[in-house]
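Take the sequence shown: its position 187, counting from 1, is numbered 186 in numbering that gives the first Met the number 0, and each next residue is one higher.
Honestly, the hints are just simulated from the structure, not real lab data. The C-beta atom is built at its ideal place from N, Cα and C for all residues, glycine as well. It is possible that some hints are incorrect.
Cβ-Cβ distance ranges computed for the label pairs, FRET-style [to be verified]:
#1 V139 - G168: 40 to 50 Å
#2 R114 - R165: 48 to 58 Å
#3 R173 - Q245: 29 to 39 Å
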Amino acid sequence: MHPPGLRRLRGPSPRRCRLDGGGPFRSRTPLGLALSRARGRNLRGLSRRDPAARRSDRTRRARSRGELELTLFAARHARVAVDGLCYGRQEVETILGDEETAQAILDRLGDQRDRIDAVWTSPASRCRRPAERIAETLGVLAHVCAPLHELHYGEWEGRSWDALEREDGERLRRWMGSWQSEAPPGGETVDDLEGRVGEWLKASEPSGLLVGHAGVIRALWVILRSASWEDAMAREIEHLEIEPFQTMGSVGPRSLPCP
0 MHPPGLRRLR GPSPRRCRLD GGGPFRSRTP LGLALSRARG RNLRGLSRRD PAARRSDRTR
60 RARSRGELEL TLFAARHARV AVDGLCYGRQ EVETILGDEE TAQAILDRLG DQRDRIDAVW
120 TSPASRCRRP AERIAETLGV LAHVCAPLHE LHYGEWEGRS WDALEREDGE RLRRWMGSWQ
180 SEAPPGGETV DDLEGRVGEW LKASEPSGLL VGHAGVIRAL WVILRSASWE DAMAREIEHL
240 EIEPFQTMGS VGPRSLPCP
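Can you build the whole structure from these sequences, using the hints too?
What follows is the structure in structure tokens.
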């Protein structure tokens, strides 16, 4: 089944609809535009009860299992300095320097910075370098974790979206029409992304701060807030903004490595 509005093969060009990370993780992408009507709806699968009541229920259940409810603050990396490129896991520079990015995240954390007991980050330099500076400032460890990479776009990485539309348009359109189950050639599906982020959550029991990618933050929405991928993709993930997630950890010292 095609996402709403994607039955038409012609649409805004990738130049006008930059795909963040080389994928459908920006609202200005063809996929993002097609899913924009989903904004404003309650996420499917989420209770409409008061959020505080839901948190209280989760806390009671966690304590009964000998677990603690933890908070993971997620921040997306700074805006990249390239346009119209499918970059995915490739190294690209950002419009802000590492120190400026780190300070912007710390400023947005405000008083919550006292709750940061560890920093978690993707190996990508646009995430890792600011994360390491934040960790140094706060006097905590920085964990560089491979499962926190952006979605892998395989053969398409490093190519412009205009070139892909001209030279590989059939496969590009097929993927955009079936993005919930299809992978880019040589890349991975959103289920693959969700799976590795889920394994990281289970193995590392993270709390503190995550500096990562839009795709990973959306996977957290799917895993921790029971959102569908369609609803998660329809959400705008702003650069450097802080999003708190509740995670679960074991009672006692937690110093678990990345999986």
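Hint check:
1. V139 - G168: 40 to 50 Å: 47 Å, holds
2. R114 - R165: 48 to 58 Å: Hint holds: Cβ distance 49 Å, inside 48 to 58 Å.
3. R173 - Q245: 29 to 39 Å: 37 Å, holds
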